[in-house]
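Chains as they are written, first to last, in the working numbering: chain A, 1 to 79; chain B, 1001 to 1079; chain C, 2001 to 2229; chain D, 3001 to 3741.
Quick caveat, the hints were computed from the structure, so don't treat them as lab data. Do not take every clue at face value.
Said to hold, decoys possible - 25 Å max Cα-Cα, derived PhoX-like pairs, lysine-lysine: (1) K2113/C to K26/A; (2) K2/A to K3212/D; (3) K2/A to K1064/B; (4) K1002/B to K26/A; (5) K2109/C to K10/A; (6) K1064/B to K40/A; (7) K3028/D to K3200/D; (8) K10/A to K1010/B; (9) K64/A to K1002/B; (10) K40/A to K1010/B; (11) K3560/D to K2113/C; (12) K1040/B to K26/A; (13) K1040/B to K40/A; (14) K2002/C to K19/A; (15) K64/A to K1040/B; (16) K1026/B to K64/A; (17) K1026/B to K19/A; (18) K19/A to K1002/B; (19) K1064/B to K19/A; (20) K2155/C to K10/A; (21) K3449/D to K3065/D; (22) K1010/B to K3212/D; (23) K26/A to K1064/B; (24) K2/A to K1040/B; (25) K2109/C to K19/A; (26) K1026/B to K3335/D; (27) K1002/B to K40/A; (28) K3212/D to K1026/B; (29) K1064/B to K2109/C; (30) K3355/D to K3028/D; (31) K2109/C to K1040/B.
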Amino acid sequence: MKARIIVTLKTGVLDPQGKAIEGALKSFGLAGIDGVRQGKCFELEVAETDPAAARAKLTEACEKLLANTVIENYHIDLA
Amino acid sequence: MKARIIVTLKTGVLDPQGKAIEGALKSFGLAGIDGVRQGKCFELEVAETDPAAARAKLTEACEKLLANTVIENYHIDLA
Amino acid sequence: MKSAVVVFPGINRDNDMAHALEVVSGTPAHMVWHADTELPDVDVVVVPGGFSYGDYLRCGAIAARAPIMDAVRRHAARGGFVLGVCNGFQILTEAGLLPGVLMRNASLKFVCKLVHLRVENANTAFSSAYAAGSVFRTPVAHGEGNYFADDDTVKRLEGEGRVVFRYVDAEGNRGTDGNPNGAINDIAGILNDAGNVLGMMPHPENLVEPIQGGTDGRGIFESVLAAVA
Amino acid sequence: MFNNHIAITPDLVRAHGLKPDEYERILKLIGRPPTMTELGIFSAMWNEHCSYKSSRLWLKTLPTKGERVIHGPGENAGVVDIGDGDVVVFKMESHNHPSYIEPYQGAATGVGGILRDVFTMGARPIAAMNSLRFGSPDFPRTQHVVSGVVAGVGGYGNSFGVPTVGGEVNFHPRYNGNCLVNAFAAGIAKADGIFLSEAKGVGLPVVYLGSKTGRDGMGGATMASAEFDDDSNEKRPTVQVGDPFSEKVLLEACLELMQTGAVIAIQDMGAAGLTCSAVEMGAKGNLGLELDLDKVPCREAHMSAYEMMLSESQERMLMVLDPARHAAAEAVFIKWGLDFAVVGRTTDTLRFVVKHHGEVMADLPIKELGDEAPLYDRPWVASPKLPVIAPADVPAPADLAEALLTLIGSPDLCSRRWVVEQYDHYVMGNTVQHPGGDAGVVRVNGGPKGLAFTADVTPRYCEADPYEGGKQAVAESWRNLSAVGALPIAVTDNLNFGNPERPEIMGQFVGCLKGIGDACRALDYPIVSGNVSLYNETNGQAILPTPTIGGVGLVADVEKTVGLGFRAAGDAIVLLGTTTGWLGQSIYLREIHGREEGAPPPVDLGEEKRHGDFVRGLVTSGRVSAVHDLSDGGLAIALAEMALAGDLGAEVTLPESGLPPHATLFGEDQGRYVVTVAAAGLDALIAAAKAANVPATFVGHVGGTELKVSALTGASLCTISVDTLRQRHEAWFPAFMAVAH
Ligand SMILES: Nc1ncnc2c1ncn2[C@@H]1O[C@H](COP(=O)(O)OP(=O)(O)O)[C@@H](O)[C@H]1O
Ligand SMILES: [Mg+2]
């Protein structure tokens, strides 16, 4: 089963990359893009066929490794 | 208008990050997760209210800065 | 002083660290492989700099979950000294031994240069060889050294004297261009609450002999040496 | 579905970069039309990049032997004796075309490739350099290329953990559509611990180690030899992505593996990957080699034999292992978590046989693949001689101080801080002289021994007079090493030129090579490795001829090297060498008067040697406090750089010479140095110089916070505070990179 996991910074956590990108966009003459926050996205294949089991496994993967839950949230989408 | 942009590596382009993450998951006892590819995700606010105009602006942002179109694809979702 | 240097794949300052430990303490360090589950009997464990697992995912994230890190945690819990430098600092935060995170440098660029550090607390096992408030030089070499923690954590670190080193300019002033990475409150190095675990971004191990351009970095190792004596 | 037996059409032949007569040669050689896989193999082996078909004849004229040379050109890197059973292993290689297309990955994989060349031989890399040439700062793409290339060089080298101790950065419109990225690496090994690619023994396993094979850089070697045109965008998907983490692991695994005694032969997979490495191992060993592609670790599904043979996936090695030690080898691979597989064996047939799914995809004579590659004696015409410009024919600037500030703040002479701060130059803890001096110096094996490194060439001189320019590149590297007290011991070269099928470009190549050869012979400075990059052209416009010279020097005692910064107020400043006020092709003429004209300064090789030997003696005997060679911008720039590096001013009086002050200050006569000496040692130094037949002129004293230059009459010519110099020196690069272009 294919899955996509999105990991984003929690609100309130500083995002230097997002900030810098916003600045760069402005300097490229692209005004009107604000509040840029950069996150990560993982696309993967999980062996389970049962959605609940797949989700459980991916949740474990997020908690154990993919997200730093001190500063990041994650969201799992199953295909 | 809120938007999310997902930037992923083109098929066939080596993804050292994905490879390392997959290896790490396996060594933490999380078997059955394969083909991990890591991408980027940008969440942002675009000033336009017209979806077509917003999309045009974000496409320009992707082409100019957010994606390295030599090796990456991008996908724009408007909220 | 008996010391161990933990080696993860992708670490590249393991030998620099071992060299500095030997130059200052006179005793060679044990090199400990990441897949091991036990540490040798040592006074101090050092998690050195480099790019463990390529710094992929998040810097330090994969190494922080390696088998040896449980042993490092136990060592710290017993009151043993742990020093994390650069990638080592990142690993210790990911492992939960130190609070906060190291984010991309504000410049978004790797930065390698000599910086100046001010000793904010000379009353620690890692800084006693320096005079309080004194300024010393050390190289930095990192892409993700931008220390960040939530307000409460920063307040606590500041209030408890756990900000041990701060980036300053050559005159010891903050607020100029002394901060190479955008770290909050110019924080360069912090201590855990028990006072036996220190993480810092700069590389004191690369400035311990005159031929390296100075010996300013020795103080870190001399302090630990004194603390274990 | 891949069809190995497709009919080979003229179009296919052309698409593989093979000329009709080259294809005829193939038909004659194998007596039948090649299969598709075979055509791919020929295209890889016979392109310019691998076969050196346009340059081989001339490369043979270079001096490559010397007392210290253990392995010269022909191996992955040169190997030179540095005493105590130690050797230095080094090479420089270009990654120009890939870096223009995808600057970050192109530069990163360039660094990865050169590091691999060094550790394949059993050496641990200890220093890196990068020689970079970009288009005009106002060309739209330049900033993007600079930013990506610098980040890529750093991204790979920093992660791998090798200090970057030197390099060059220059800008010129002739690189607008074709940047140059020349990466250098040096490593240390024991003389008896060197590994070669020559296979030995029949029936031995051929082992693949490292990252899996994907469709990366398909046809990259072909691309590297092809001229760019406006649809080079179409070639984009051939970009390889570097994985410095895998390379670092590969380094440690290879060095550990070599200790087990299991390695009989080893070759990294660089350009044209599996093809070049396998053919080279077999051909060098006078053996045949058979590959079974079913065994090759692949990253992607359904890869054809053709694709596997041409893939340029990075971080891969091919080895012949001693079967008796296979278990020990396997333990190392597993410890480091690397993919490995036995993918073939050596044979006694002298054939290169490639099998896939049980079918023979290629069966070729292995020696002929290399030996019978085309060799061209390309027609060439010598570049026309340009007139010598007399100092009196070059106007003075409106204001000398302002001219100096303009030069010190110009793109080619301003501070490289923005670049070098992105490179780790502290890692390994052995860096004695960091980027910014005349040469980078690292301590070796705990000292006191050390090595010095420099990369040099002045392309505008090479364009104006290829022969003198070639000499000058070698002489400048010799000078930079001598300036830090190192004995120059050997050279690697990276010859970047345009399309050799044009006689005037071939003329530049030939001229530069003659100059390089003569200089290396005169200075006892053999060439032990190198790389040729041709077809550096965009829409028919060639780059400036750019033969980069990577010089390596031996430092007997790292405690005794000196830097270029003024050290102490009161020190006397002495100019060594002959000043004629040579302004032809000078930076002054270009930056102040917008003229790129005239003959470049000639190099007197006898003088060069005398002066360099003298300066080195001064340094190693501890008689001087600072040394700097004179190059771009002449005396004025050298003094300014010494003031900046030492954060100290100076008072200088120009000697009587009959020249206009701007010619004395900005002329680029060769073979010159500025040294400083404690005032008490001045007379002895002047006397020693006289005895050594080295012109020496006392010009002033170090001190104060200003650089003050006066005429002999006492009239002030220019006074600039060191702070002002610094502002102008530091300003340009960050400002250029900050603005979106
Ligand atoms: N790309 C680079 N990487 C590292 N160091 C560099 C680079 N470019 C320039 N440098 C350093 O900056 C200094 C000045 O360079 P350059 O003007 O080319 O020196 P020189 O005239 O002595 O050859 C040298 O120390 C050189 O090594
Ligand atoms: Mg120089």
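Quick one, are K2109/C and K10/A close enough, alpha carbons at most 25 Å? Holds, at about 23 Å.
Given the proposed pairing of K2/A with K3212/D, does the C-alpha separation stay at or below 25 Å? OK: K2/A and K3212/D at ~23 Å, within 25 Å.
Holds or violated: K1026/B with K19/A, Cα cutoff 25 Å? 34 Å, violated
Holds or violated: K1002/B with K40/A, Cα cutoff 25 Å? 17 Å, holds
For K2/A and K1064/B, compute the direct alpha-carbon distance and say whether it is at most 25 Å. 30 Å, violated
Pair hint K2155/C and K10/A, alpha-carbon separation not exceeding 25 Å: Satisfied, since the Cα-Cα distance of roughly 20 Å is no more than 25 Å.
Verify the proposed pairing of K1026/B with K3335/D, using a straight-line Cα cut of 25 Å. 16 Å, holds
Is K1064/B close enough to K2109/C, meaning Cα to Cα at most 25 Å? Holds, at about 19 Å.
Mind checking the alpha carbons of K64/A and K1040/B for me, to see if they're no more than 25 Å apart? Status holds; Cα separation ~20 Å.
Next pair to validate is K1064/B with K19/A; report whether the Cα-Cα distance is within 25 Å. 17 Å, holds
Pair hint K3028/D and K3200/D, alpha-carbon separation not exceeding 25 Å: 30 Å, violated
25 Å Cα cutoff - pair K2002/C, K19/A: 45 Å, violated
Hint violations for this structure: numbers 1, 3, 7, 8, 9, 14, 17, all remaining hints satisfied.
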